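Asker: Protein sequence lines correspond, in order, to chains A and B. Residue numbers for the first sequence, in our numbering: 37 to 185. Residue numbers for the second sequence, in our numbering: 49 to 336.
Just to be clear, a hint being listed does not mean it is correct.
[To be verified] Residues on chain B that point at chain A, a partial pick, calculated with CB under 10 Å: (1) L98; (2) E102; (3) R103; (4) T154; (5) P158; (6) E175; (7) C207; (8) P228; (9) Q239; (10) G251.
[Said to hold, decoys possible] With a cut-off of at most 20 Å between alpha-carbon atoms, the simulated EDC-like pairs for lysine to aspartate or glutamate come out as follows: (11) K75(B) x D69(A); (12) K38(A) x D159(A); (13) K38(A) x E102(B); (14) K102(A) x E175(B).
Worth flagging that the hints you see were computed from the coordinates, not collected in a lab. This structure is a prediction, so every number in the text was calculated from the model and none was measured. For every residue, glycine included, the Cβ atom is placed at its ideal position computed from N, Cα and C.
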Amino acid sequence: MKLSRSPWLIHYDCSSCNGCDIEVLAATMPRYDVERFGIINTGDPMHADILLTTGGCNHQNAPVLKQIYEQMPNPKVVVAVGTCACTGGVFKDCYNILGGTDTVIPVDVYVTGCAARPESIIDGVVQALAILDQKYEAYTTDPKAKEGN
Amino acid sequence: MMRIVLCVVYLIAAPFVGCLLDGCDRKITARMQGRQGPSVYQPWWDLQKLLAKERLMVNPSQFYLMASYTVFVVISGALFFCGSDLLLVFFALTTSEMFMVLAASTTSSPYSSMGANRELIQMTSSEPMVLLTAVGLYLATGTFSVAETAAMGGLPIICKLPGFFIGFVFILTIKMRKSPFDVSTSHHAHQEMVKGVTTEMSGATLACETIANWYEHVMLMGIIGLFCLNGTVWSMLLAIVVALAVYFLEVLIDNTSARVKWQTMFKLAWGVTIVCAGVNLFVLQMLR
Ligand code: SF4
Numbered sequence: 037m038k039l040s041r042s043p044w045l046i047h048y049d050c051s052s053c054n055g056c057d058i059e060v061l062a063a064t065m066p067r068y069d070v071e072r073f074g075i076i077n078t079g080d081p082m083h084a085d086i087l088l089t090t091g092g093c094n095h096q097n098a099p100v101l102k103q104i105y106e107q108m109p110n111p112k113v114v115v116a117v118g119t120c121a122c123t124g125g126v127f128k129d130c131y132n133i134l135g136g137t138d139t140v141i142p143v144d145v146y147v148t149g150c151a152a153r154p155e156s157i158i159d160g161v162v163q164a165l166a167i168l169d170q171k172y173e174a175y176t177t178d179p180k181a182k183e184g185n
Numbered sequence: 049m050m051r052i053v054l055c056v057v058y059l060i061a062a063p064f065v066g067c068l069l070d071g072c073d074r075k076i077t078a079r080m081q082g083r084q085g086p087s088v089y090q091p092w093w094d095l096q097k098l099l100a101k102e103r104l105m106v107n108p109s110q111f112y113l114m115a116s117y118t119v120f121v122v123i124s125g126a127l128f129f130c131g132s133d134l135l136l137v138f139f140a141l142t143t144s145e146m147f148m149v150l151a152a153s154t155t156s157s158p159y160s161s162m163g164a165n166r167e168l169i170q171m172t173s174s175e176p177m178v179l180l181t182a183v184g185l186y187l188a189t190g191t192f193s194v195a196e197t198a199a200m201g202g203l204p205i206i207c208k209l210p211g212f213f214i215g216f217v218f219i220l221t222i223k224m225r226k227s228p229f230d231v232s233t234s235h236h237a238h239q240e241m242v243k244g245v246t247t248e249m250s251g252a253t254l255a256c257e258t259i260a261n262w263y264e265h266v267m268l269m270g271i272i273g274l275f276c277l278n279g280t281v282w283s284m285l286l287a288i289v290v291a292l293a294v295y296f297l298e299v300l301i302d303n304t305s306a307r308v309k310w311q312t313m314f315k316l317a318w319g320v321t322i323v324c325a326g327v328n329l330f331v332l333q334m335l336r
């Protein structure tokens, strides 16, 4: 059984400038068509396996991000898309910005670029799939992994 | 004997057929949108994934309600394929939907509750036509029994009931929760209602819904096929061809229309029911 054959993702925009969001959506368009890998962009954390985040985290959206992450059933992976989601990017020193996604939740794959190109987003998601399978193996063999991934 | 065989075949084969239909649906949809699309086996992999994942539950009763939903859909399909009473089939199907509505409303999630409300509206819109279909078939054949209807000689019933057929195909879009009538749940992201009735379901609970959908779709196609049967072999071939054509039509409608408001759905469904089924009923009565 491979979870990676059916990865459903949810996209959360922390405080992106919308540049990265447009690129994420572009990846689902006919030109790139991520659905050929079985990837579906679902809007529901309860259905999702992969969390794509864009933009740096701030005090206001950190609890929201945390909640979305917690609502996702195990095993799950997180992909930070864009320089802002990786480190905070150009907004890093703003008074309200905490930093990248990993200041709030654990991140598995970092996709850099400002904005991240659809090709690299797809590449990042495909790398995340390998991690998803590893996590699933740990999930089925190790009872402790069931509690938190 | 034949009836029991058919019923067992349905119980075993329906999920696979439904899954394949679903896979073809996604492939055709992708091609219509100029995309390559996933493999036709994708829904099968999706189901395996759902069963493998953690079952997060907002409310433990939700899983049992969804399981009941699945069981009742399977019962109604089994009743249909073993040639039982058509009214019984439709009542079992309606009961199953009530379980789905209950499952969605056990959570306090606003999206799930909204989905449940809308599911009820969908039922209100489609149920009159469903019941009238049974009435129409009775008037045309003099029996509610599916087996006797299917074995009835002469011209296929569709020749006597074209209005009922059109009406049933129309509400099929509501039953299959496809655009423009996908008001209670949707296959697409970024919706005003997230995922409607299925918002709070994950893992095996969602898998129940998927399996029930496959069983239901096969049964609905069976009802479409029933319109074409007259006990001969060629009519069985005709039934399969017509059912597949109707399924393709549903995919086409899904891809070429945007979701309407529930009011529009309600008016359209009742309008079509009254006009198509009503006129057909009138003509049938005149000819008797
Ligand atoms: S990485 Fe660049 S494009 Fe992406 S959200 Fe940050 S500023 Fe915008």
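Asker: Each of the hints needs a verdict: does it hold here or not?
Answerer: Verification of the hints:
{"no.": "1", "hint": "L98", "verdict": "holds (8 Å)"}
{"no.": "2", "hint": "E102", "verdict": "holds (4 Å)"}
{"no.": "3", "hint": "R103", "verdict": "holds (7 Å)"}
{"no.": "4", "hint": "T154", "verdict": "violated (14 Å)"}
{"no.": "5", "hint": "P158", "verdict": "violated (13 Å)"}
{"no.": "6", "hint": "E175", "verdict": "violated (28 Å)"}
{"no.": "7", "hint": "C207", "verdict": "violated (41 Å)"}
{"no.": "8", "hint": "P228", "verdict": "violated (19 Å)"}
{"no.": "9", "hint": "Q239", "verdict": "holds (6 Å)"}
{"no.": "10", "hint": "G251", "verdict": "holds (6 Å)"}
{"no.": "11", "hint": "K75(B) x D69(A)", "verdict": "holds (12 Å)"}
{"no.": "12", "hint": "K38(A) x D159(A)", "verdict": "holds (18 Å)"}
{"no.": "13", "hint": "K38(A) x E102(B)", "verdict": "holds (15 Å)"}
{"no.": "14", "hint": "K102(A) x E175(B)", "verdict": "violated (42 Å)"}
Of the hints listed earlier, those the structure fails to meet are numbers 4, 5, 6, 7, 8 and 14, in rising order.
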